[in-house]
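Residues 112 to 275 in the numbering used here are what the sequence shown spells out, letter by letter.
Simulated from the structure, these hints should not be mistaken for laboratory data. One thing to keep in mind: the hints can contain errors.
[Stated by the list, open to error] Calculated lysine-lysine pairs in the DSS-like style (CA-CA distance at most 25 angstroms, straight line):
(1) Lys244 <-> Lys275
(2) Lys201 <-> Lys257
(3) Lys275 <-> Lys188
(4) Lys188 <-> Lys270
(5) Lys141 <-> Lys188
(6) Lys188 <-> Lys121
(7) Lys193 <-> Lys121
(8) Lys244 <-> Lys201
(9) Lys257 <-> Lys141
(10) Lys201 <-> Lys247
(11) Lys247 <-> Lys121
(12) Lys193 <-> Lys275
(13) Lys193 <-> Lys141
(14) Lys271 <-> Lys257
(15) Lys121 <-> Lys141
(16) Lys270 <-> Lys201
(17) Lys188 <-> Lys271
(18) Lys275 <-> Lys257
(19) Lys267 <-> Lys257
[To be verified] What follows is a list of derived Cβ distance ranges for each label pair:
(20) Gln115 <-> Arg136: 26 to 34 angstroms
(21) Thr249 <-> Ser212: 30 to 38 angstroms
(22) Lys247 <-> Thr125: 33 to 41 angstroms
Backbone N, C-alpha and C fix where the C-beta goes; we use that ideal spot for every residue, glycine too.
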Amino acid sequence: MIVQIEGNVKFPITLDPTVWIFDDRKLTFKEAFHPEEIEKSDEEEDELKRKSLRFDREVYQQKLNPPINKSINRFEKQRIMKGTFLMPLKPFLHTSEPEASVEEAALVTDEGEHTIQADALSESLLLFAEDGKPLKETGPVHLYFKDGSNQTSPIKGIKKIILK
């Protein structure tokens, strides 16, 4: 259940998507691809909750990196138990410090390799939880392009990302 980032990088890193459920950078599937479906009242309520949580986190966490939920309230627990979540890949690629010459990446899956452009990769999202559960059979992660062009056919079962 891990994903490795390696190749032309200064720091090869290993990602554990099972802990991303506690990371504040995660997005729901609706937030990422169907923001128009989120009702206005839900947005206002969510914004109030986010502001409240943000204040609490700033007081208690004192800029922990990566940002994590120090304590999870009941609302957040219900959301986590039922949600489908994605994580932006850009912060992890930034941490690995790719060489300036990197132009493409190979995504290694059980079914073979998929090659994509490095720019498209950095703007991609990784699905890591569906209905509140890790992707065990088809995981550990699925790759979705930020524009949603591959929503019906994401790249599944990514085990390794090799920057070339």
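Evaluation of the provided hints:
At most 25 angstroms may separate the alpha-carbon atoms for a hinted pair to count; Lys244 and Lys275 exceed this at roughly 32 angstroms. Distance hint between Lys201 and Lys257 is fulfilled; the C-alpha atoms sit about 11 angstroms from each other, no more than 25 angstroms. The hinted pair formed by Lys275 and Lys188 fails the criterion: a straight-line CA distance of about 39 angstroms is larger than 25 angstroms. A threshold of 25 angstroms between alpha carbons decides the hint, and for Lys188 with Lys270 the separation of about 28 angstroms lies outside it, so the pair is violated.
A threshold of 25 angstroms between alpha carbons decides the hint, and for Lys141 with Lys188 the separation of about 18 angstroms falls inside it, so the pair holds. Simply put, Lys188 and Lys121 have alpha-carbon atoms about 37 angstroms apart, too far for the 25 angstroms limit, and the pair is violated. In summary, the hint linking Lys193 to Lys121 is not supported, as the alpha carbons are separated by about 37 angstroms, beyond the 25 angstroms threshold. For the hint pairing Lys244 with Lys201, the CA-to-CA distance comes to about 23 angstroms; that is within 25 angstroms, so the pair holds.
At most 25 angstroms may separate the alpha-carbon atoms for a hinted pair to count; Lys257 and Lys141 meet this at roughly 13 angstroms. Restraint check: the Cα-Cα separation between Lys201 and Lys247 comes to about 23 angstroms, which is no more than 25 angstroms; the hinted pair holds. Proximity of Lys247 to Lys121 is assessed by CA-CA distance (about 30 angstroms); at most 25 angstroms being required, the pair is judged violated. Distance restraint check for Lys193 and Lys275: the Cα-Cα separation of roughly 37 angstroms exceeds the 25 angstroms cut-off, and the hinted pair is therefore not satisfied.
Of the pairs offered as hints, the one joining Lys193 and Lys141 holds, with about 13 angstroms between alpha carbons and a cut-off of 25 angstroms not exceeded. Distance hint between Lys271 and Lys257 is fulfilled; the C-alpha atoms sit about 20 angstroms from each other, no more than 25 angstroms. About 34 angstroms separates the Cα atoms of Lys121 and Lys141, which puts this hinted pair outside 25 angstroms; it is violated. Restraint check: the Cα-Cα separation between Lys270 and Lys201 comes to about 17 angstroms, which is no more than 25 angstroms; the hinted pair holds.
Using a Cα cut-off of 25 angstroms, the hinted pair Lys188 and Lys271 is violated, with the two alpha carbons roughly 30 angstroms apart. Restraint check for Lys275 and Lys257: the C-alpha separation of about 21 angstroms stays at or below 25 angstroms, so the hint holds. Our distance criterion of 25 angstroms between C-alpha atoms is met by Lys267 and Lys257, whose separation comes to about 16 angstroms. In this structure, Gln115 and Arg136 break the distance hint of 26 to 34 angstroms, their C-beta atoms being roughly 20 angstroms apart.
For Thr249 and Ser212, the Cβ-Cβ distance of about 33 angstroms falls inside the hinted range of 30 to 38 angstroms, so the restraint holds. Range check, Lys247 to Thr125: Cβ separation about 18 angstroms, and the 33 to 41 angstroms hint is violated.
The structure fails to meet hints 1, 3, 4, 6, 7, 11, 12, 15, 17, 20 and 22 from the earlier list, while all remaining hints are met.
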